[in-house]
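Visitor: Read off the chains here:
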Amino acid sequence: MAIMNNNGIILTTAEEVLSWGRRNSLWPVSIGLACCAIEMMHTAASRFDTDRLGIIFRGSPRQSDVLIVAGTVVNKVAPMLKLIYDQMPDPKWVISMGGCASAGGPFPTYSTLQGVDRIIPVDVYVPGCPPTPQALLWGILELQKKIKAKREGKEFKEIPIKKAEPSFPINK
Amino acid sequence: MLWTKQDDIAFIGDNFESLKFVDNEKLPYFEINQNELLPFLKEIKENPNLQFKMFIDFTVADYPLHKPRFQGVYFLYSLILKKRICIKTWAENERLPSLTGLWKGAKWAEREAYDMFGIQFEGHENLVRMFMWESYQYYPLRKDFPIEGIKDTYLPSLNEKPGSMPSHDYEEYHTAIPTMEDLEETEKKRIQKKAQIVLNWGPLHPGTHGTIWFLFDLEGEKVQNCDIILGQLHRGVEKIAENVTYTQFIPYTDRMDYISAICSNVAYVNAVEKLLNVEPTEKAKWIRTMLCELQRINSHLLWLGTYALDLGALTIFLYTFREREKIMDIIEGIAGIRLNSSYIRIGGVRLDLPEGALDVINHFIKDFPTKLEEYETILTKNRVWLKRNVGVGIIEEEDVYNYGLTGAVARASGVAYDIRMIQPTDKYDEVDFEIPLGTVGDSYDRYLVRMEEMRQSLNIVKQCVEKLEKLKDDKHIATDNPYVLPTLDETFISIESMVKDFNLRIYGEQAPEGEIYLSGENPRGELGFYIISKGEGRPYRTRIRSGAFYNLQIFPELIKGRTIADAVVLLGSLDPVVGETDR
Amino acid sequence: MELTQIAFWTFSTLAVLSAIGTIFFRNLVYTVLSLISTLIMVSGLFFTMGAELVGALQLLIYAVAIVVFYVLVISTVPEFKGKAVDPKYMLLSIPVGFLIFLELAYVSIYGVWQSNTGIFSPEVIEKIGNAKAVGTMLFTKYLFPFEVASLILLVAMIGAIIIGRKEEKQEAQG
Amino acid sequence: MDGYFSLVIFFIAATIVGVALLVINRLIAPKVPDPLQDYPYECGVPLYDKTAQTTLDQKYYLLGLLLVLFDLEAAFVFPWAVVYKTFVSINAGLIFVEMFLFLTILIFGFIYAWKKGALSWQ
Amino acid sequence: MIPYEYYIALSGLLMVLGLIGIIIRRNIIAMLISTELMLNAVNIAFVAFDMKLHDVAGQVFVFFILTIAAAEAAVGLGLIMAIYRLRKDVSVDTLTELKL
Amino acid sequence: MEELILTSIAIGIKSVIFIIGMFLLAAYLTWIERKFAGHVQQRPGPLHVGWHGLLQPIADALKVLTKEDIVPSGVDKVLFYLASLLAFVPAIMILAVVPFGQPVNLFGFEIKPYITDLNVGLILALAFGSISIYGVIFAGWASNSKYPMIGGLRKAAVLIGYEVALGFAMVGPIMQAGTFSLKGIVEAQQGLWFIIPNILGFVVILFAILAETGRTPFDVQEAEAELVSGYNTEYSAMKFGLFPLAEWYIATFVLSAIAVILFFGGWNGPHIFGPISPFVWFFLKLAMMFMFFLWVHWTLPRYRVDQITELAWKVMLPLSLLNILVVAIWIMIFG
Amino acid sequence: MDKMVKIKYLERPKLSNTERIFFLDFIKGMKVTIKNFFRKTITTAYPYEKLTPPKRFRGTHAHRVRDGKEPPSFNVLLQFMEIKEGESRCVACYMCQQACPVPTLFNIEAEQLPNGKKRVKRFDMNLLNCLYCGLCVDACPVDCIIMTDSYESAAYTRKDCTIHLDDMSERGFDFDKRRYNEPDRIWIDDEAREKLWGQIKWS
Ligand code: SF4
Ligand code: SF4
Ligand code: SF4
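Residue numbers (my numbering), protein chains in the order written: chain Y, 56 to 227; chain F, 227 to 809; chain S, 84 to 257; chain W, 16 to 137; chain Z, 110 to 209; chain G, 535 to 869; chain L, 7 to 209.
Excised from the complex, chain Y in its bound form (with noise of 0.2 Å):
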């Protein structure tokens, strides 16, 4: 970040300005996956109503900073995932809503992915099956929080998928 590199003062209060801007307009991409996502709509209703909190759901991940995976992630949605996530612009975070999500939840099978933080790094873990709104309300809250204390982007890393020697034989 270019006015970011100095610590000057004046920098930092920018700084502050900046990060005060982007946790309190935490636009999140429209993806629902499965259960949670019909509890992530929820919390976007009326009832609970993340305008609030100037969270507005966007349809095109090039416009969002926030990715709620809610949901199961299969395997096969993985390097679809990790695609949305990629297009997604800086500064961006993530937050696994459910235990699917999170860690593969319920369904330790061959066909989930057990926790989508194998293929994009995530910031806010919401536990529960599915989360109530509060809950993820409560888990956004968390990650401004994580934003105000931490006032710069993450880090790129490098994900490696490669294939290895199976544990143990294969039976087709």
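By construction, these hints were calculated from the structure, which means they are not laboratory data. Please note that the accuracy of each hint is not assured.
Covered stretches of chain S, going by a simulated chain W footprint (3 or more residues, C-beta under 8 Å) [claimed, not checked]:
hint : region
1    : 114-124
2    : 218-230
3    : 236-242
Idealized CB from N, CA, C, for every residue including glycine.
Once you have looked at the hints, place chains F, S, W, Z, G and L with the ligands on chain Y.
Guide: Here is chains F, S, W, Z, G and L with the ligands on its own, set in the frame of chain Y:
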């Protein structure tokens, strides 16, 4: 009873030598040789006295020790007899004839069987993977495939270190994940580009109601050809079912059709109860009926909201969610969780109705019709709404049978197929309600039918509440049955209960050997459970016949020649839920 | 007057530059872009000459309607993109162009406008407004051409529809 | 003339503001490359067709045609509208009939287009 | 006031540029676009004469030129569409049968 | 020369003030829209960022301004950037020809609440309005992605259809006022508002504005459920920010102003607020108009794009022609 | 009882001409939206006002502590265990793990004390794998494991989503202190729900 017996088809029986009838008490079925299967099915479909025209389900069961290994199971429904039939056949050389010539609805079911078991279907037009991607090597539902898959990919967490994790949580090796090339291959296999451009619509798209992946071959904005790729939410539920006890599977049924969790619960539990010969208490039945109908309203509200949202009426979405929020509040108060409530238990319900629940529901019943009126004022006669809906996606009656469409989609085309009517479970035979039928079968009819269904459901809820007010002191779960888990209070005071609880938890409900197919009327169509028990604590095979899976199948047919804008209308009016289509 | 001079020179330079762009850009989209720019500049020139109505209509009709027409056709036909300029005609074009320029200059300077001065002096225009002046002229003296214009439009519409849709009819029949 | 001068200045100012916004954005925004960052968005799946600029559609040609012709018609109507009020007091019939004729001829074309189905898309 | 000759010169220049465009471009659409340039040159000339002669007749003619330009564009592009649909190519060189 | 530079600087400053003002206004129009939408849906809208969410637009602007600016592969870079300018600049250019009141004398200075009043103001407004069509088409085309492409062409189709209807619908007021100058039109409405004979034209203009600004029932170009975000799907950060700003707010605002001027007598109204009453009236009418659009937007479902164009050509165009006839006869009778 | 199911063919409403010309369909719809505009908002401003989950709410798990309210079964099992007042009631019977559909999420360890009694040493639950189905609660024979009304459990790492013996006991103690004596009612915070529901007449 709802099952076809020997006598019903005796008059054609002689033509097929290998036809065998097995009169199981719970699921009587016919067995026939593979080479006679197609003629037999054709005969019973076209015989005017039988007319097994409606395709219900097809699945496969794997018996590794038997030779041949796989058995195909067909379920059909006759319009004349008003009965179902179950036909089984062994797949010689892991091959079966394809039924796609007789029923188009068999197309996906066969692809699923191919995907999950690796059975080849002769005569299938495009036998590609249904749920998994193209270069996936295994057939997951085979008995020798481990539930957790083959972990052969090194895929550690990006922001967690193994040491910092609780030991039971985390493995660095993972099952195979497709690469972008794999996915590209998958999509290229599905559709041959004929027109100008192939557009991917979904899976991660706001308008596709979850993660359905459509491929549209577009000419301008017109869809010339379309295919659907499913499996973006394939979580292996059927595999899980084989590895957990009957009770433990209940929470998973919530997560299939997560919008109507209680309905799925009830459908499953009913099937299991039938298998175990458990009779739930009176009160439990009424509670179930009531919650099912509440859940149906809930589900239809979500449908209405998202449908309206897709058609641009942004505010309706929020209004329906307001009402949903109320129902969720009720369910949360009764069951403890808003969405995936897992409230139903074998033999009854988990907890008794809390104090005040009926008051709140009464309140809701009074309040809801005015809200429904509001939605109707905004939508029903709106010219834009009419323009978008009338005449779009007309489904003929013939197609309903052909594709095995059920639920509101079938009823909008004038087919009075409602499980609540033809095979009432719980208390559906004692409540008073009407089944709305459409006359044209377009999206507008589907809209009207669902709106009317909400009213009818409300009516049912009202009757249930009245009944339940009288049943205050009944037991909510039939704990005297040996298969029913005791309640907490019983466990605390009696040692027998504790032992029974202990046994059931550890060994599972050891159901008698047998099979059962029972379905419930989900908001999305017939949700059937086909359970094979081998006398163990866990089911040998659980097949889930999902309404949305079959309903979605007609989509490519309907969209042909229409624009993308119609795709949302059609998809919305078919109302699939991916959790259920993919399982 | 300083202002008009500056305006003239800017507009005309830009117009010529964009015209050059129009004929030399290989990518058709850029060609059209520079055409738009030319047209806007020409309309600016109209304004400097006090022809308000024509200037505004130049923007509305030329720079929008007609060019949008081009853009729609171009942006929907992929192969139109990136067709080359053929340099071998370059040699031919320069002398021809030069000759025509000379002829134009000759005609302009020695001929045509030796006619009478009209009644619409700047003062009159100032009073009744350019638009009204043009309107009056159009609906009195040039009434007949005005009606003919409508016929031209009609014929163009019918012709274009017939040409443009021919294929589809055949498809429908075949 | 001054009026147009202000217009030009306004145009320049607007452009400068617009460009400035884009430039500021480019300057202060973080640039963190991700491996697939510039992959075109299509719901997160690999593209079937790599390029999208391949739509040739009848209807856009016809739309453009209608736009041009009717805009021109409007162009003729505008001066008429301006002088209408003055003319009405002088010779009401003529000016009315003039336009009426003009419009009739074009409405004829319009009806032709309608009949030919140029106005409907499907 | 700018002398009208300047305008006439500009008009000539644009005319020539348009002509050059027609000659050197090998693509029908580009040629049509060059035609538009020439029509514009004419427009400028008309208005310039007007200015000189204190008349508005020239501006009236601009209207008619606009009409012609529109008609030309309509028919020209219609032809192009027809050709494109037949041949999938709109370079002049490939349309040999249209050359005499 | 010096004088020229001085005046240009003066005008420049005024322009910048207008533009910045419009920006702030547009930013707060987003707030108004969100609040309005919120309350229609029984929720409060922005609430916690600043007092009643008043700082929300600022936060959004800050954020949008500092997002990473992604240029996807395969796009035409120049066009990609140009498109967002082409959408924004013409939209704000309309502002330059719209007067917001008569010149007032404040502290001895004559302050003109408009940039310029032109004899052909209305045509220019129309022309600028239609130039923004390029922004849309190029945005869609340059993105080299399918959703933007379809969205851009859809929007183009809608704009084209309603552009013509809009033009014809404006003829009625022009006939009555006998001028293209917006100020002149307002002044001609001292007595009766032009809505009276022009009711058909007004209906057409309402629909046309809804269509041009892409609000329901005509928001096909960015129908979320179909096209993700329409022609701006590939746009990020400020490039993106300019689109909704231009289309949803500036254009809606300015076109509402024009509608008010054409049909509701602009700033005419009883002088009950002292010297500023023209402004009060104008902004009141404007606010009503804007609210009306919001209200429609948050109620109706959307048409399909072919239905929209059909509506434009088969209903709106004949209606506006009919309007001309009605007004012509009206003038003949009442003068 | 005989079936009372009836079949009903639906009428398709049509737009009349008056409605069409005067946009009555639009106006009616807009009337509804504006009516809602003037209704009170139903929003729960979450961080500032919170809904109290119902008593049955299935949130984060907790352990009841030994506090004298144990069921009889606990007293039977107590003789094998070393559990002090205020400590978790868990008797390490592993029933919760047995009942759970995802048994791997538990990590229970018990140790044998020199005096022959047992003590639970470790009781970890990884909430990220939990379905919140409540089967474990139903299975516990000593009313130890319960599910509380706490849901604010979002964390920055996976590790923090695992709950342990001590914080479970703490949570259980806290929960019981607040809500043990609450009646089994559908909701307890009627005022907060009133926003959404309006006043409800309780019978
Ligand atoms: S965590 Fe639970 S609710 Fe969320 S997606 Fe997974 S199964 Fe569904
Ligand atoms: S709630 Fe269900 S999933 Fe969670 S620990 Fe208890 S039994 Fe296991
Ligand atoms: S069931 Fe209860 S007592 Fe047994 S291990 Fe679990 S928490 Fe402890």
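Visitor: All the hints need checking, so say for each whether the structure fits it.
Guide: Now for the hints, and whether the structure bears them out:
1. 114-124: violated (count 0)
2. 218-230: holds (count 7)
3. 236-242: Coverage by chain W holds for the region 236-242 of chain S (5 residues, Cβ < 8 Å).
Hint 1 from the list above is the single one not met by this structure.
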